[in-house]
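Build the full structure now, drawing on both the sequences and the hints.
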Amino acid sequence: MGDFVSDPMPSTDDVMIVNAARALGELARAGRATCFVGIGLPSTAANLARNLYSPAPVLIYESGCIGSKPSRLPLSIGDGELGDTADAVVSVPEIFSYWLQAGRIDVGFLGGAQLDRFGNINSTVIGPYGSPRTRLPGAGGAPEIAAAAGRVMLIMRQTRRAFVERCDFRTSIGFGDGKGERQKLGLTGSGTRLVITDLGILEPEHGTDELIMTRTHPGVSREQCRDSTGWKLRFADEVLQTVPANSEELSVLRRVRDGLAQ
Amino acid sequence: MSIVVDLRQAIGEHVKSGMTVAMEGFTHLIPHAAGHEIIRQGLRDLHVIRMTPDVIFDQLIGAGCVRKLTFSWGGNPGVGSLHRFRDAVENAWPRAIAIEEHSHAGMAARYSAGASGLPFGTLRGYRGTDLLEVTENVKVIDCPFTGERITTVRAITPDVSIVHAQRADRTGNVQIWGIIGVQKEALLSAKVAIATVEEVVEHLDPRPGAIVLPGWVMSAVACVPGGAHPSFAMGYSERDNDFYKEWDGISSDRDLFQAWIEQHVLATSDHSSHLRSIGKVSDDGGFRV
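Read top to bottom, the protein sequences are chains A and B.
Heads up: the first sequence at position 181 corresponds to 180 in numbering that gives the first Met the number 0, and the numbers run straight through without jumps.
Heads up: the second sequence at position 139 corresponds to 138 in numbering that gives the first Met the number 0, and the numbers run straight through without jumps.
Just so you know, not all the hints are guaranteed correct.
To be verified - Computed list of lysine to any residue pairs in SDA-like fashion (alpha-carbon distance at most 20 Å, straight line):
#: 1; chain 1: B; residue 1: Lys-244; chain 2: A; residue 2: Arg-256
#: 2; chain 1: A; residue 1: Lys-183; chain 2: B; residue 2: Val-139
#: 3; chain 1: B; residue 1: Lys-279; chain 2: B; residue 2: Trp-259
#: 4; chain 1: A; residue 1: Lys-183; chain 2: B; residue 2: Ile-140
#: 5; chain 1: B; residue 1: Lys-67; chain 2: A; residue 2: Pro-131
Just so you know, these hints were derived from the structure itself, not from any lab.
Printed below as a string of structure tokens:
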């Protein structure tokens, strides 16, 4: 189509994905963008960034694919396309040991079912572990990504059910209970640095490590953010507004979704 | 006697009810045909191990073959929940199953330790997570050299490990390329190693990035074209993403699921008959997705 003028209002998901891609693009410009990518929203945003920016982030998937350049979005972390277009394909033990735990990953890019005020993630169960209300898929690669990636970026829709005071289960650590818990545990990565939502962006507050709202998307009010958060959400002294998604970003996103080769 | 046998014989001789059975394939090369054969042979009380229990383990669990599941991520990738797995954990249907869950890095370290003949593997992992509290076989120790706190995970040593692979030669040397996952570690950690392959050839010519498991570490190799379906074998087939999406509907209802297993697994004699029953064989007899 390539019609840049008649873009409809972007969906809240698209705004979230565009902002996540921008954050990854900024890291790539700073030379820090080997990115361990989770499937779903992280993969969509990471592939948008790869098609928007030069230098582009290097996409790494837990199936052992390093430097994948898929022409269509993968459904799973091990679609053939990811291996076919990779610079290197290594074994699963190798990707987690030589690459992730050894500190060769700049950015871990994840999602989750629940997130708490200290950036801890739950992807295991809703309700008690022994008798869960909802059994979720579980940890996968996330615990060690959250522990060892230089920094962690999360992309999640902001709702009261998802943004909770305390995770029902702590699958992956952000800042634990705060108070320097990461350092005490000797974790090598710096933890949850950025949470991109459909309402705006949260970042850990200096000194407390509590996630606070630092930016909102155009047209999003503070009340909306508070109402969509299960803890008593605080805001940065100065809350900035994100730049609206532009037509190039949205048209490339459409192309990424529809299949770049087509 | 050749170790290249048919799949019914491979499973029948080597897999018994009550055993610990690992089945690996990280999205790629998942041994679906072997899983179906286990269901057909009515094996029960298995402790099954798989990093990513997806559709094949949903089927084994729903069919009542499983007493315990050890895993690190249980979902239908890119689609959603595994409904049979959830029904077993949440509602004990068709029976209660025990679970032991880890992270991918932990499972990879456990297989590597098993393949190395070591009692445990080490990693920087699990720290600060609730997994440490609910998962046996994970302990944190002091590194004897640096004093650093290091996580250890018990080695996996299955009775049987089963993988799918691209091909083998007539002596049972097995060649795997593309996303190799933990295929090598899974096979070498087990007492009995079984592979299904797309084809058996006279000579394994080199492929970029390929690994070869020598026939003398294998117990059985079975030629099962399309044996990974709906997973795939690089160079032979594509991942059948549509089937993974369809599985969401089939598996969401107990009756639908049971009818599917009855019609497409139990009532079929082998994998080619299974593929024909789900419409994945073209008129000329070839496998198609």
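Cross-check of the supplied hints:
Simply put, Lys-244/B and Arg-256/A have alpha-carbon atoms about 17 Å apart, close enough for the 20 Å limit, and the pair holds. Our distance criterion of 20 Å between C-alpha atoms is met by Lys-183/A and Val-139/B, whose separation comes to about 14 Å. Distance check on the hinted pair: Lys-279/B and Trp-259/B sit about 15 Å apart at the alpha-carbon level, within 20 Å; holds. About 15 Å separates the Cα atoms of Lys-183/A and Ile-140/B, which keeps this hinted pair within 20 Å; it holds.
Annotation: proposed proximity of Lys-67/B to Pro-131/A holds, straight-line Cα distance about 17 Å (limit 20 Å).
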